[in-house]
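Using the sequences and the hints, build the whole thing.
Taken in order, the sequence shown gives residues 1 to 135; the numbers are from the UniProt record's numbering.
It should be emphasised that the hints constitute simulated quantities derived from the structure, not laboratory data.
Heads up, a few of these hints could be off.
To be verified - Okay, derived cross-link-like pairs now, EDC-like style, lysine to aspartate or glutamate, Cα gap no bigger than 20 Å in a straight line:
1. Lys-69 with Glu-104
2. Lys-54 with Glu-112
3. Lys-54 with Glu-81
4. Lys-69 with Glu-103
5. Lys-54 with Glu-79
6. Lys-69 with Glu-81
7. Lys-54 with Glu-126
8. Lys-69 with Glu-91
9. Lys-54 with Glu-111
10. Lys-39 with Glu-56
11. Lys-69 with Glu-30
12. Lys-54 with Asp-108
13. Lys-54 with Glu-91
14. Lys-39 with Glu-104
15. Lys-54 with Glu-104
Stated by the list, open to error - So the derived label-pair ranges between C-beta atoms look like this:
16. Ile-71 with Ala-116: 16 to 26 Å
17. Glu-103 with Ala-58: 17 to 27 Å
18. Glu-30 with Arg-107: 35 to 45 Å
19. Glu-21 with Asn-66: 16 to 26 Å
20. Asp-65 with Ile-128: 43 to 53 Å
Cβ atoms here follow ideal geometry from the backbone N, Cα and C, with glycine treated the same way.
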Amino acid sequence: MEDASELTRRGEPYRYSFVPELPCLIRLREANGFAVRSKPGQALLIDMSPQGCKLESALNFRLPDNECKVILSVRLTRELELRGTMIWQEERTPAFAYGIQLEETHRDELEEEIRAYAEWKQLVNEGIVPADAWT
Numbered sequence: 001m002e003d004a005s006e007l008t009r010r011g012e013p014y015r016y017s018f019v020p021e022l023p024c025l026i027r028l029r030e031a032n033g034f035a036v037r038s039k040p041g042q043a044l045l046i047d048m049s050p051q052g053c054k055l056e057s058a059l060n061f062r063l064p065d066n067e068c069k070v071i072l073s074v075r076l077t078r079e080l081e082l083r084g085t086m087i088w089q090e091e092r093t094p095a096f097a098y099g100i101q102l103e104e105t106h107r108d109e110l111e112e113e114i115r116a117y118a119e120w121k122q123l124v125n126e127g128i129v130p131a132d133a134w135t
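If you want it as C-alpha cells, here you go:
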C-alpha cells in the first residue's frame with residue numbers, strides 16, 4: 001500500500017498525516033486537576049502538528065466529563081515525550097478518537113522533528129533509504 005502521508009497548511013504550521021497510523025503510548029498524568037500515576041496504554045497517532053495531534057485508542061477517557069492531561073510517547077526520528085490536554089473525544093467503534101492540544105514548550109523542536117520525519121518518509125517511499133534507517 002502506498003504511503004499517502006503529507007504536509008499540509010491549515011491556518012497553522014504543518015499538520016502531518018500518518019498513513020498508516022503510527023503506534024504510540026498515551027499515559028494520563030492529571031485528571032480533573034489531580035495528579036495521576038497511570039500505566040501507558042496503546043494508541044495510534046493519526047496526524048500531528050506542533051500545536052496538537054489526533055489519535056485513536058481503545059481507552060475511554062470520558063470527555064467532556066473529565067479534564068485530562070496526558071503524556072504521549074512516540075518515535076518519529078527519535079523518541080519524544082509530549083505533554084498535552086485532551087480537548088475532544090469521538091466514539092469510533094471499537095475505539096475512541098481524541099484531539100490533543102500539545103503544550104507550547106517544544107513547538108519549534110516538534111515542527112523540525114515532523115519535517116525531518118516527513119522528509120525521511122518521502123525518501124523511504126522513493127526507495128532511496130531503507131525503512132529502518134532511523135531505528
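Against the structure, the hints come out as follows:
Between the alpha carbons of Lys-69 and Glu-104 the distance comes to roughly 14 Å, so the proposed pair stays at or under 20 Å and holds. Using a Cα cut-off of 20 Å, the hinted pair Lys-54 and Glu-112 holds, with the two alpha carbons roughly 19 Å apart. Between Lys-54 and Glu-81 the alpha-carbon distance is near 15 Å, which keeps this suggested pair within the 20 Å criterion. A hinted pair counts as satisfied when its Cα atoms are at most 20 Å apart, and Lys-69 with Glu-103 qualifies at roughly 10 Å.
The hinted pair formed by Lys-54 and Glu-79 meets the criterion: a straight-line CA distance of about 18 Å does not exceed 20 Å. Proximity of Lys-69 to Glu-81 is assessed by CA-CA distance (about 13 Å); at most 20 Å being required, the pair is judged to hold. Annotation: proposed proximity of Lys-54 to Glu-126 is violated, straight-line Cα distance about 27 Å (limit 20 Å). Distance restraint check for Lys-69 and Glu-91: the Cα-Cα separation of roughly 19 Å lies within the 20 Å cut-off, and the hinted pair is therefore satisfied.
Taken as a hint, the Lys-54 and Glu-111 pair is honoured in the structure, with Cα atoms around 16 Å apart against an allowance of 20 Å. Taking the CA atoms of Lys-39 and Glu-56, the gap is near 17 Å; set against the 20 Å cutoff, the hint holds. For the hint pairing Lys-69 with Glu-30, the CA-to-CA distance comes to about 5 Å; that is within 20 Å, so the pair holds. Restraint check: the Cα-Cα separation between Lys-54 and Asp-108 comes to about 19 Å, which is no more than 20 Å; the hinted pair holds.
Only pairs whose Cα atoms come within 20 Å are accepted, and Lys-54 paired with Glu-91 is accepted, the gap being roughly 13 Å. Proximity of Lys-39 to Glu-104 is assessed by CA-CA distance (about 24 Å); at most 20 Å being required, the pair is judged violated. Among the hinted pairs, Lys-54 with Glu-104 is consistent with the structure: their alpha-carbon atoms are about 17 Å apart, no more than 20 Å. A hinted range of 16 to 26 Å holds for the C-beta pair Ile-71 and Ala-116, which are about 22 Å apart.
Separated by about 25 Å at the C-beta atoms, Glu-103 and Ala-58 satisfy the suggested range of 17 to 27 Å. Restraint check, Glu-30 to Arg-107: a C-beta distance of roughly 20 Å breaks the suggested window 35 to 45 Å. Hint check: Glu-21 to Asn-66, Cβ distance near 24 Å, so the stated range 16 to 26 Å holds. Taking the beta carbon of each, Asp-65 and Ile-128 are about 48 Å apart, inside 43 to 53 Å as hinted.
Going through the hint list in order, the structure does not satisfy hints 7, 14 and 18.
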